[in-house]
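Protein sequence lines, in the order shown, are assigned to chains A and B. Residue numbering for the first sequence follows the UniProt record's numbering, starting at 1 and increasing by one per position. Residue numbering for the second sequence follows the UniProt record's numbering, starting at 1 and increasing by one per position.
Hints in this document: simulated from the structure, not taken from any laboratory. All residues carry an ideal CB built from backbone N, CA and C; glycine is no exception.
On the chain A side, residues computed to face chain B include the following (Cβ under 7 Å):
(1) Ser183
(2) Asp187
(3) Ser210
(4) Leu211
(5) Asn213
(6) Ile215
(7) Leu248
Straight-line C-alpha distance at most 27 Å; calculated DSS-like pairs for lysine-lysine:
(8) Lys52/A - Lys5/A
(9) Lys103/A - Lys16/B
(10) Lys271/B - Lys103/A
(11) Lys145/A - Lys271/B
(12) Lys284/A - Lys5/A
(13) Lys16/B - Lys145/A
(14) Lys247/B - Lys258/A
(15) Lys193/B - Lys258/A
(16) Lys193/B - Lys140/B
(17) Lys266/B - Lys258/A
(18) Lys19/A - Lys5/A
(19) Lys239/B - Lys258/A
(20) Lys235/A - Lys266/B
(21) Lys239/B - Lys314/B
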Amino acid sequence: MLELKNVWKSYRVGALGSKRLVAVRDVSIDIAPGEVLSVVGESGSGKTTIGKMVLQLTSVSRGSILLDGADVTAKGHAQRKEYYRKVQGVFQDPFSSYNPIFKADRVFETLRESYHPQVKKAEWNARVEEVLQSVRLDPGSVLGKYPHQLSGGQLQRMLIARALLLDIKVLVADEIISMLDASTRIDVLNLLAELRERGLGVLFITHDLSLANYISERVVIMRHGAVVEMGETGKVFTDPQHPYSRNLLGSVPQLHRKWSDDPVEPEALQPDGDREADPAPLVKVGDGHWAAAG
Amino acid sequence: MALQVEDLRVHYRTTKGDVHALDGVSFSLEDGEIVGLAGESGCGKTTLGKSLIRLDGRMRHVGGSAVLDGDELPIGDDRAMNARRWKEVSIIPQYSMSALNPTRKIGKMTAELLRARGKSYRSLKGELVRRLELVGLSEKVLDNYPIELSGGMKQRVVMVLSTLLDPSLLIADEVTSALDVTNQKAVAETLVKFRDMGFVKSMIVVTHDLSLVYQIADTIMVMYAGRIVEKSPAETIIKAPKHPYTKALIGALPEVGLEYGDERLKSIPGKPPHLLEPPTGCRFRDRCPLASEECFQEPPKVVVDEGHEVACWKAEV
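So that you can see chain A by itself, here it is in the shape it has in the complex (with noise of 0.2 Å):
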């Protein structure tokens, strides 16, 4: 359904953008109807940015993305506004998401006015606690409020909720849990997965690997803007081939397996050379399981 064709973005930086850093290096990775397809990386590994080229937040340097086969880079403002209708973002901090000064349901009032401005008030508010109540809100205790009332996780649900009303293909989800307490931050993982059984294709992009292997089916570790390793959630966990990954795994604290008990040293990777150069080209290593060779 969305698909990266050989993704590159480079972005100018330094004084009077007299530098060049590439930050996403011959990306390509689709997502099905019905899937969450992690994208995992540490800072600076272009994942934020790959979440931001999808939203069109930012251009696209080199290569395409497609929504059903269609090019969804927008001419003007009629056919972005068309393509939010599809595509919707929810990002990290919920508190900035949203306008302090209003009441945190604006968000739901301010869509009716620029994507159903025929649907009559009732009608809408009979939707909006519908959907509130698919993301497990009781609309109740949440409508009404402001944002300093309500909790991170109560809001990032009142986001997906928003999205939800646009009938939307693909959500974005940049690091929303990241900033959530570990008590609340389940509700909002459990409802992204159930999203699936809507026919949602979700990018949930996130730094830490057990939250992806919580949810996706599919995962793509990125490093240095270029994917490393990409495959069933299942095979690149249990069975990672790029020393990257295998790193990046070994170092992730677990409840039941400690750091100390089988030490291993992490292995010397490749140093970040020249971005603008292809990167190693991805090789099959098992069925439906690809990595970086080198």
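Using the hints, position chain B against chain A.
The following block gives chain B in isolation, referenced to the frame of chain A:
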């Protein structure tokens, strides 16, 4: 015994009244022990760490005491505490990346800090360089401005500086939260190394990440709404937790190897009580699946096993 905290109470002054952020916290720390302090945001874990080194303007020491190496810490007296900071009690702050002065080179900043404590930079420089090398930094960083270092490097610089005077107690407040997984592991292991090499005698590691603190701590304390609800050796608290809150917290942790299909993780319904007027009795009562009549009374501190204490009515011995 390095540290003995007895019935510590610290309140925050707000316009609505006092917030009881620490409401009777008692624990002790052995020499050479690393204690992990875990809990959700707002449970008072950072407040506990801060109370042992510096109360900020809104915080008030209401009662209780902390005794470090036989000397009582003058918690409420900012000036008297100053003589002990860095030498006896030290902290690695939550945002240690911004703990460095951006207008000074690292070396110059260190020299100024040491002069303020009446120490000589020249005589300590050898040790400083040795320790920087221990954490994988070269002497050259002393000539760098903080902006020239990466987040992980700044973190390591701050760790070395905080422990330079061999404090007896080190408080590490969420030191790994802002780092990538590989850096996280390196920083956590450095903390253990510092303890093993005797740079610090004992350590309190404040974190919300149970699986991380399990890797390095000898003992784990779980806090909830301003109180310690369970304390036990790290192994025990993960494998055989007794308090319903600890159990729920562990039940809500996703892990590598766990998939949505196999086993659904459960969240903890509700939210922690407001500490403006904390409820009487057990504070986890409203969210607890086991709550009953007796939970309206203050829960007893039950010693389940050696070193394993639980504040719960339902804890069977």
